[in-house]
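Q: Starting from the known structure of chain A, arrange chain B on it as the hints suggest.
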Amino acid sequence: MKTYTNTGSKDTRSGFGAGLTELGQTNENVVALCADLIGSLKMDDFKANHPERFFQVGIAEANMIGLAAGMTIGGKIPFTGTFANFSTGRVYDQIRQSVAYSGKNVKICASHAGLTLGEDGATHQILEDIGLMKMLPGMVVINPCDFNQTKAATMAIADHDGPVYLRFGRPKVANFTPENQTFEIGKALHLTEGNDVTIVATGHLVWEALEAAKELEGKGISAEVINIHTIKPLDEKAILDSVNKTGCIVTAEEHNYLGGLGESVSRVLATTKPTPQEFVATNDTFGESGTPEQLMEKYGLNAAAIVNAVQTVIRRK
Amino acid sequence: MANIQQLEDLTTQVRRDILRMVHKVNSGHPGGSLGCAEFFVALYNEIMERHDDFDMDGIGEDIFFLSNGHISPVYYSVLARSGYFPVDELNTFRLINSRLQGHPTTHEGLPGVRIASGSLGQGMSVALGAAQAKKLNNDSHLVYSLHGDGELQEGQNWEAIMYAAGNNIDNIIATVDLNGQQIDGSTDDVLPMGNVRTKFEAFGWTVIEINEGNNIEAILKGMAEAKTKTGQGKPVCVLLKTVMGNGVDFMMYTHAWHGKAPNDEQLAVGLAQNVETLGDY
Numbered sequence: 001m002k003t004y005t006n007t008g009s010k011d012t013r014s015g016f017g018a019g020l021t022e023l024g025q026t027n028e029n030v031v032a033l034c035a036d037l038i039g040s041l042k043m044d045d046f047k048a049n050h051p052e053r054f055f056q057v058g059i060a061e062a063n064m065i066g067l068a069a070g071m072t073i074g075g076k077i078p079f080t081g082t083f084a085n086f087s088t089g090r091v092y093d094q095i096r097q098s099v100a101y102s103g104k105n106v107k108i109c110a111s112h113a114g115l116t117l118g119e120d121g122a123t124h125q126i127l128e129d130i131g132l133m134k135m136l137p138g139m140v141v142i143n144p145c146d147f148n149q150t151k152a153a154t155m156a157i158a159d160h161d162g163p164v165y166l167r168f169g170r171p172k173v174a175n176f177t178p179e180n181q182t183f184e185i186g187k188a189l190h191l192t193e194g195n196d197v198t199i200v201a202t203g204h205l206v207w208e209a210l211e212a213a214k215e216l217e218g219k220g221i222s223a224e225v226i227n228i229h230t231i232k233p234l235d236e237k238a239i240l241d242s243v244n245k246t247g248c249i250v251t252a253e254e255h256n257y258l259g260g261l262g263e264s265v266s267r268v269l270a271t272t273k274p275t276p277q278e279f280v281a282t283n284d285t286f287g288e289s290g291t292p293e294q295l296m297e298k299y300g301l302n303a304a305a306i307v308n309a310v311q312t313v314i315r316r317k
Numbered sequence: 001m002a003n004i005q006q007l008e009d010l011t012t013q014v015r016r017d018i019l020r021m022v023h024k025v026n027s028g029h030p031g032g033s034l035g036c037a038e039f040f041v042a043l044y045n046e047i048m049e050r051h052d053d054f055d056m057d058g059i060g061e062d063i064f065f066l067s068n069g070h071i072s073p074v075y076y077s078v079l080a081r082s083g084y085f086p087v088d089e090l091n092t093f094r095l096i097n098s099r100l101q102g103h104p105t106t107h108e109g110l111p112g113v114r115i116a117s118g119s120l121g122q123g124m125s126v127a128l129g130a131a132q133a134k135k136l137n138n139d140s141h142l143v144y145s146l147h148g149d150g151e152l153q154e155g156q157n158w159e160a161i162m163y164a165a166g167n168n169i170d171n172i173i174a175t176v177d178l179n180g181q182q183i184d185g186s187t188d189d190v191l192p193m194g195n196v197r198t199k200f201e202a203f204g205w206t207v208i209e210i211n212e213g214n215n216i217e218a219i220l221k222g223m224a225e226a227k228t229k230t231g232q233g234k235p236v237c238v239l240l241k242t243v244m245g246n247g248v249d250f251m252m253y254t255h256a257w258h259g260k261a262p263n264d265e266q267l268a269v270g271l272a273q274n275v276e277t278l279g280d281y
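Chains A and B are the protein sequences, given in the same order. Residues 1 to 317 in the numbering used here are what the first sequence lists, from first letter to last. Residues 1 to 281 in the numbering used here are what the second sequence lists, from first letter to last.
Derived by calculation from the structure, the hints in this document are not laboratory data. None of the values given here were measured: they were computed from a predicted structure. Please note that a few of the clues may not be correct.
[Unchecked claim] Among chain A residues calculated to face chain B with C-beta under 8 angstroms, some are: (1) ALA60; (2) GLY66; (3) ALA69; (4) MET71; (5) GLN97; (6) SER102.
[Said to hold, decoys possible] In silico lysine-lysine, DSS-like type, Cα no more than 27 angstroms apart, as pairs: (7) A/LYS237 / A/LYS317; (8) A/LYS237 / A/LYS273; (9) A/LYS214 / A/LYS134; (10) B/LYS234 / A/LYS47; (11) A/LYS219 / A/LYS187; (12) B/LYS241 / A/LYS47.
All C-beta atoms, glycine included, are put in the ideal place defined by N, C-alpha and C.
Just chain B, same shape as in the assembly:
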C-alpha cells in the first residue's frame, strides 16, 4: 500500500497532466477533472482490486465506469499512470487519430475504458448492468461508478436508481461528485438539486458522505466504509463533496473552468502551484 504522501505526489502530477493536456489543445474540461483528482488516484491505487492488464469483461476484478465523461483528462492521466497505456500518449489528447478522444470511448480500443460516455446520464444504467452480470458470473468483485451532480438532472439516472434498489443490486458503489457546479453556473442556479442524500435514501440506497472529497485520507476512509455497506441488499451511493478546479487557486469555487482551457500564462501559474513530482509526460 502506498503511503499518503505518495498518493498526494501522484495527485499533484495528475493535476499537472490535466492542465497540460487541456492547454495543449485549448479545449477540454479542467474544472471537474481537477476536483476529482484525489478520488481517481485513491480509487485506482488503493480502493479497487484490479488486474494489471486490461480485459473488457473485467471478471474477477473490481471495475469502474465514468459516467460524466467530460472529465476525461483526469481519467486518462490516472489510467496512464496506473499502467494501462503509455504516459506519453497523454500528448495525443483530443488530437486527430488519437485513442484519447475528447470523451472516453471504447471505439479506439483505449485500455481501461469499458463504455463510451459524454452524453450524460447513461453510466448508472451501464454500471448496474455490469453489476448484474457480475452476480450472474458469481463474481464477488464490485462495480464503481462516478457521476456529476449536475448530471443527475438527466432522468435516466432516476430510472436506474429506482431499478437498483428494486433489484437489490448491492455490489455497486456509485459516487456522485457533489461540486455544486455545472457549465452554466452553480447547480442551485441552473436547476436546484434539493437534498441529494434524501433523494437517494428515498429511492432505497445506502448513502455515505465524504465531506472532504479532496482529502485522500478522507476519501480512503469514506470509500472503505462504503465497501462495508455492500452485500447487504442495497445499492451504495457515495456523495463526494469536492471543489471544482481544486489545486489551482484561480479555478476553484467557480463553474468558469468547467469547459475552458488555460492560456499560456494561466498554465504557468497553475503548474507553479503544482510542482512536478513524478515527471511530466
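The following block holds chain A by itself, in its conformation from the complex:
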C-alpha cells in the first residue's frame, strides 16, 4: 500500500494565508475582506502587502458578504475571511441572495470549521456548514485536507468564475500532500489502491483515513482511500469506479451526517449503484469544549472510528 509521510504538521488556515499571499502577488483583482479575525485567518501578509486591497470590515459579517458581492461589480475577486460559523449560518440569506442567486464571484473562506476548533465550544464549532453551502445552487464547496492542499485550493478558486465556499480548520494537522501541487476543482484524488472497501474522506479526516488504512492492512483488509476535497461538484465517477471494485464504502467528514459529504455520496450510490455505506460523521449533535483530539475521539471522527466503520460495512456486503 502506498504510504504518506507527514512532512511537518501545520494548520490548514495557514495554507489559506499562504495561498492568499501568493494570489496577492499574481492576481491584482484579488481583494480580501475580514471581519475582525485577521490573525486567526492568517490574512496578515496580504494586508501588509496590499493594504489598498484589504478591507477590515469589523464584526459585521452580513455587511462583509454584501460588500464582497458589490466588489465583484467592477471585476474584483473578493475573498472573505472569518470562522466557518460566521461565514455560513450567520449570513446564509446574504450569501443566498447577494452571492449565489446573483451569481457573484465571491470566495467565502472559512476557518475553524468543525469540532477541531476545540476549546471555544459548540457556539463556534459549526457542523452544518457543508450542508448549508452545498444546498445553494451554483455554490462550489471545497474542504481541503492539509496545508499544502489548502494553499493550492486557495489559489485555484481565484480562477473559477463563480461563488466558492472554502472550508478549513484551526489545529496543526499532518501535512502530507505535495508542495506546489496543482489543484483541480471537482477532481477526487486516489491516495491508496484497495479491493475490500472504499474510504471517501474530506478535510481533516483524510489523514485519519490513511491511518485507518494502515491499521486495516494489518488486519488483512485492503482499503482504497479517496480524498474528496471538493464536495460539490462531487466526483461521482471516482466514487462509482471504486465501489464497483470494492462493493462497500465508508464516508468520513468533520460534519453532521445530515447534509454532509456522506449524504451526497449516498445519493450517487442510491441512484446508480446501491452500495452498503457507513458514515463517520457527527450524529445530529452539537459539539462542546475540549482539545481537538479529545473531541474527535468522543464524537467518533478519528482513525479508530473509521476502522470500526469499515469492519461494519464489510460485513454488510
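A: Below, chain B alone, put in the same frame as chain A:
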C-alpha cells in the same frame, strides 16, 4: 436634457405601466412603486451618467442598486423605457419563464439589474462594495442606491452605514424612500423609526432632505445638491419624502396598496387619473 414636462409625461406613463403590470398578474407592490416613479424617471433620465448598453461591471458610468426590490414594477418600467430591454417585455412581469421576476434578479440576465434584491436590508452593503470597487478602479463615477424606510429596520443596514463613514466612502448617494409606510401599517405603528436624519448624521453621513419627493424639479435640485456633497470624505444620504401610491388617489397615504393589485374597476380609475402619454406597452 429633457424638459420637466417630458419627464412628467414619462412619469405618468410609468404609473400606467405599474398599474397594468400588477393588475395583469394580480400581484406585486404598486404603492411603493408609484411613490418612487418621479425619482426613477429623474434618476435614469437626468441624474445618472450612464451608458446606453448594459455592462455588469459598469466601469466609467454611474450605477444604481435597488435594495427594496419589491418595487420592481417601477424599476422595470423605467429600465425598459430607458432602452435596456424592449418595453413589450413588461407584459411578462411575474409570469413563468420571464426575465421580469417578482423581485429583481440577475439570474435571468435582465439588462440593467446588477444584484438580486427582495430579501431586505442587503443593498446598502452591495452598493458600498461596488463603490469601493470603483475607487480601486480609479473610476470617478458614482454609485446610487434606493432603500425603503421600513427596510432600515434590518440590522445589516446599520453595519453598512457604520462601515461607509468609517471608511470614507464618499462616492455613494444612498436614497431612503421616506414614505412612512410598510406592509403592516405606518412605520410609526410597526416600529417607530425615530429621527432618521439624526441617525444617519450620528453615523457620520451627510444628509440631504428632499421634502417634495414626488416633484421632479425638487428631486433634480436635491440630487444635484447631493452630488456636490460627494468626494468630501463622507457618504451621502438623501431622505426622499414621498407619498406611497402617489398619482392614484385611492392608493395614496396608506399602506393598503403596499402589496396588493387593483381589480378591473380600480385599474380603470387609476388609468383614468393617468392618461396615456408615450404609449402603453
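Q: Tell me, in ascending order, the numbers of any earlier hints that this structure violates.
A: 9, 11 and 12
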